[in-house]
Amino acid sequence: MATTNLQFYRSIFLRRLPYFLVVATVIAAASIIMAMTLPPSYVSRMTLIVESPQIPDELAASTARTPAQEQLQVVEQKLMTRANLLEIANKFQVLEGQDGMTPDRITQAMRARTSIRSTGGRDQAALMSISFEAPSGQNAAGVLNEYLTLIQKEDVQSRTGRAAQTLEFFEQEVSRLNQELAERSARILAFKTENVDALPESLDYRLGQQSLLQERLAQLERETVSLQEQRRRLVRIFETTGQVGGLAGPALSPEQQQLEEMRAALNNALAVYSESNPRVKLLRARIAALERTLQTMPPEEGDQPLTGNSLLDIQLAEITARQDALNDEKINTTRQLERLTDSIERTPTNAIRLDELQLDYENLQLQYNTAVDRLSRASTGERIEVMSRGQRISVIEPPAVPSRPSKPNRTFIAAGGSVFGILAGLGLVVLLEFLNRSIRRPEDLVSKLGIAPLATIPYITTVGENSHRRKLRILGVVIILLGIPVAVYAVHVFYQPLDLLADRIMDKIGVRW
Numbered sequence: 001m002a003t004t005n006l007q008f009y010r011s012i013f014l015r016r017l018p019y020f021l022v023v024a025t026v027i028a029a030a031s032i033i034m035a036m037t038l039p040p041s042y043v044s045r046m047t048l049i050v051e052s053p054q055i056p057d058e059l060a061a062s063t064a065r066t067p068a069q070e071q072l073q074v075v076e077q078k079l080m081t082r083a084n085l086l087e088i089a090n091k092f093q094v095l096e097g098q099d100g101m102t103p104d105r106i107t108q109a110m111r112a113r114t115s116i117r118s119t120g121g122r123d124q125a126a127l128m129s130i131s132f133e134a135p136s137g138q139n140a141a142g143v144l145n146e147y148l149t150l151i152q153k154e155d156v157q158s159r160t161g162r163a164a165q166t167l168e169f170f171e172q173e174v175s176r177l178n179q180e181l182a183e184r185s186a187r188i189l190a191f192k193t194e195n196v197d198a199l200p201e202s203l204d205y206r207l208g209q210q211s212l213l214q215e216r217l218a219q220l221e222r223e224t225v226s227l228q229e230q231r232r233r234l235v236r237i238f239e240t241t242g243q244v245g246g247l248a249g250p251a252l253s254p255e256q257q258q259l260e261e262m263r264a265a266l267n268n269a270l271a272v273y274s275e276s277n278p279r280v281k282l283l284r285a286r287i288a289a290l291e292r293t294l295q296t297m298p299p300e301e302g303d304q305p306l307t308g309n310s311l312l313d314i315q316l317a318e319i320t321a322r323q324d325a326l327n328d329e330k331i332n333t334t335r336q337l338e339r340l341t342d343s344i345e346r347t348p349t350n351a352i353r354l355d356e357l358q359l360d361y362e363n364l365q366l367q368y369n370t371a372v373d374r375l376s377r378a379s380t381g382e383r384i385e386v387m388s389r390g391q392r393i394s395v396i397e398p399p400a401v402p403s404r405p406s407k408p409n410r411t412f413i414a415a416g417g418s419v420f421g422i423l424a425g426l427g428l429v430v431l432l433e434f435l436n437r438s439i440r441r442p443e444d445l446v447s448k449l450g451i452a453p454l455a456t457i458p459y460i461t462t463v464g465e466n467s468h469r470r471k472l473r474i475l476g477v478v479i480i481l482l483g484i485p486v487a488v489y490a491v492h493v494f495y496q497p498l499d500l501l502a503d504r505i506m507d508k509i510g511v512r513w
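Numbering (the UniProt record's numbering), first residue to last: 1 to 513.
Some clues are possibly wrong.
To be verified - Subject to a maximum C-alpha distance of 25 Å in a straight line, what follows is the list of computed SDA-like cross-link-like pairs (lysine to any residue):
#  : residue 1 : residue 2
1  : Lys153    : Leu270
2  : Lys91     : Val156
3  : Lys192    : Arg335
4  : Lys471    : Ile451
5  : Lys91     : Arg122
6  : Lys471    : Val429
7  : Lys471    : Arg10
8  : Lys192    : Gln367
9  : Lys192    : Glu356
10 : Lys330    : Gln209
11 : Lys78     : Pro398
12 : Lys407    : Ser394
13 : Lys91     : Thr81
14 : Lys78     : Ala164
15 : Lys91     : Glu146
16 : Lys192    : Leu181
17 : Lys407    : Gly97
18 : Lys78     : Lys91
19 : Lys407    : Ser418
20 : Lys153    : Ala89
21 : Lys407    : Met80
22 : Lys91     : Met80
23 : Lys330    : Val225
24 : Lys192    : Glu173
25 : Lys153    : Arg10
26 : Lys91     : Ser129
27 : Lys153    : Gly120
28 : Lys153    : Gln73
29 : Lys330    : Leu177
30 : Lys91     : Pro40
31 : Lys153    : Met80
Stated by the list, open to error - Quick list of simulated restraints, FRET-style, between CB atoms:
#  : residue 1 : residue 2 : range
32 : Ser376    : Leu207    : 40 to 48 Å
33 : Pro135    : Ala487    : 23 to 31 Å
34 : Thr370    : Thr334    : 52 to 60 Å
35 : Gln138    : Leu472    : 55 to 63 Å
36 : Arg122    : Asn145    : 28 to 36 Å
37 : Gln172    : Thr334    : 34 to 42 Å
Everything labelled a hint here was simulated from the structure, so no lab data went into it. The C-beta atom is built at its ideal place from N, Cα and C for all residues, glycine as well.
Using the sequences and the accompanying hints, generate a full structural model.
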């Protein structure tokens, strides 16, 4: 059974042999021609490393810190931008026939000719190896030198730019917080000015003043009661005895004192001079004028009517005046006490509001202090980057002009293309048989129609037919093996150079052999 299947598959392969040979020969011939005609290419390489900061982070840290692998990835993406590749390609004229190529094609070719490989890991140095393929060694090294210039320029600009932006941010933040601190301080000052009489820091003083005023009111009440009692005693004694002597009356008013002094001066003058003396007459005239003045003076509020006794009237008037003064003082003291009580009652609310303002100010002050500290660190970090003392990309192996070509790998291209052609031919044969549903064996008849044949009669050919068929097959194989390579070479020479086609294919897939 196995031998029968093997013979069947062999017969199928021989029947499809022309298709297999056509595909395999075309691909193999094209691969061999490409391998022979591809121009030599020179590859230049360089190796970069991400150096650690020269100043330890414990002493002064940079503000443009980036993981080494991330830094290399960012540099790679910015290096391989369309603008950079077009500028470098136009500067060095790297590609053959570049003047007739579109910008997209140039960009694609430059990326295909550039190989970037990054290595590194935990506790390992981050390395980047960059190579470039060009038709000449000078162009390959020149492009890599331009790459190196762009990488170092971008690295410096990126790190110094981030450090400068960080510094600028914290400068603005410190300025903003300083302005807000001034505003909050002004609010606190305005609130204290508006409520200067009801601030919590003066509460103890005002409570003491409240106690003093309350004691003063009580004292004024006692003095008022004492004066009322003194008035009643004076009146009672006068009504009982008709005299006010023996009583320590109240102090006289200035006019009354002046009147008493003039009367004493008159008595002294009469002891020396006569009634007709001008001095005596002058004193009597002044005494009479003062008595008229005292009589014409309006009695003060609350005054009792005159009793007819001038000394009693004077004492009662003085008591009334003192009572009025005490009443005025009580009114003023009561008002002061009311204002003080109101300020004391407003103090708790003001204390809460003042605490809120003070807490906002303290929180803002904390933010300001933090921002100032970060500004100092940002300034140090910016200085580190400006002086190139932070993490940076350095060159381990600079680009060198290659002395001999490195590509193409002609053996690999020819052998690989031939193997691919054989596999493609076999694939075509398998595909054709998979699509062919015709019945060619008894097993097919049983599996598809469910009919078991009684016997199988093969197709019987003569010796001449077999010889003629064999000659035709050999002729077909010879034509395919000779004609197709010639046709492929003719296409290469007269229509489309296969080396250019191969170059485009390698640019398209991004792999160059």
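Hints, verified against the model:
About 124 Å separates the Cα atoms of Lys153 and Leu270, which puts this hinted pair outside 25 Å; it is violated. Straight-line distance between C-alpha atoms of Lys91 and Val156 comes to about 23 Å, which keeps the hinted pair within the 25 Å bound. Restraint check for Lys192 and Arg335: satisfied, since their Cα atoms lie roughly 23 Å apart, inside the 25 Å limit. Using a Cα cut-off of 25 Å, the hinted pair Lys471 and Ile451 is violated, with the two alpha carbons roughly 38 Å apart.
For a cut-off of 25 Å, the pair hint linking Lys91 to Arg122 is broken: about 39 Å separates their Cα positions. With a C-alpha separation of about 22 Å, the suggested pair Lys471 and Val429 falls inside the 25 Å cut-off, and the hint holds. The hinted pair formed by Lys471 and Arg10 meets the criterion: a straight-line CA distance of about 19 Å does not exceed 25 Å. A C-alpha spacing of about 24 Å is found between Lys192 and Gln367, which places the hinted pair at or below 25 Å, so the restraint holds.
Proposed proximity of Lys192 and Glu356 is supported: the alpha carbons are some 13 Å apart, at most 25 Å. For a cut-off of 25 Å, the pair hint linking Lys330 to Gln209 stands: about 15 Å separates their Cα positions. About 20 Å separates the Cα atoms of Lys78 and Pro398, which keeps this hinted pair within 25 Å; it holds. Restraint check: the Cα-Cα separation between Lys407 and Ser394 comes to about 28 Å, which exceeds 25 Å; the hinted pair is violated.
Restraint check for Lys91 and Thr81: the C-alpha separation of about 16 Å stays at or below 25 Å, so the hint holds. Distance check on the hinted pair: Lys78 and Ala164 sit about 20 Å apart at the alpha-carbon level, within 25 Å; holds. This hinted pair checks out: Lys91 and Glu146 have alpha carbons roughly 10 Å apart, not beyond 25 Å. With a C-alpha separation of about 16 Å, the suggested pair Lys192 and Leu181 falls inside the 25 Å cut-off, and the hint holds.
Taking the CA atoms of Lys407 and Gly97, the gap is near 19 Å; set against the 25 Å cutoff, the hint holds. Note on Lys78 and Lys91: the hinted pairing holds, with a Cα-Cα distance of about 19 Å set against a maximum of 25 Å. Pair hint Lys407 plus Ser418 holds up; C-alpha atoms about 19 Å apart against a cutoff of 25 Å. Note on Lys153 and Ala89: the hinted pairing holds, with a Cα-Cα distance of about 19 Å set against a maximum of 25 Å.
A hinted pair counts as satisfied when its Cα atoms are at most 25 Å apart, and Lys407 with Met80 qualifies at roughly 23 Å. The straight-line distance between the Cα atoms of Lys91 and Met80 is roughly 16 Å, inside the 25 Å bound, and the hint therefore holds. Proposed proximity of Lys330 and Val225 is supported: the alpha carbons are some 13 Å apart, at most 25 Å. As the CA atoms of Lys192 and Glu173 are separated by approximately 28 Å, the hinted pair breaks the 25 Å bound.
Only pairs whose Cα atoms come within 25 Å are accepted, and Lys153 paired with Arg10 is rejected, the gap being roughly 66 Å. Of the pairs offered as hints, the one joining Lys91 and Ser129 holds, with about 23 Å between alpha carbons and a cut-off of 25 Å not exceeded. A hinted pair counts as satisfied when its Cα atoms are at most 25 Å apart, and Lys153 with Gly120 qualifies at roughly 23 Å. At most 25 Å may separate the alpha-carbon atoms for a hinted pair to count; Lys153 and Gln73 meet this at roughly 15 Å.
Between Lys330 and Leu177 the CA atoms are separated by roughly 52 Å; this puts the pair beyond 25 Å, and the hint is violated. Taking the CA atoms of Lys91 and Pro40, the gap is near 22 Å; set against the 25 Å cutoff, the hint holds. Between Lys153 and Met80 the alpha-carbon distance is near 14 Å, which keeps this suggested pair within the 25 Å criterion. Taking 40 to 48 Å as the suggested C-beta distance range, the pair Ser376 and Leu207 conforms, at roughly 47 Å.
Look at Pro135 against Ala487: about 29 Å separates their beta carbons, and that is inside 23 to 31 Å. Between Thr370 and Thr334 the beta carbon distance is about 53 Å. The supplied range of 52 to 60 Å therefore holds. Roughly 57 Å separates the CB atoms of Gln138 and Leu472, a value that falls within the hinted 55 to 63 Å. For Arg122 and Asn145, the Cβ-Cβ distance of about 32 Å falls inside the hinted range of 28 to 36 Å, so the restraint holds.
Range check, Gln172 to Thr334: Cβ separation about 58 Å, and the 34 to 42 Å hint is violated.
In this structure, the earlier hints numbered 1, 4, 5, 12, 24, 25, 29, 37 are contradicted, and the remaining ones agree with it.
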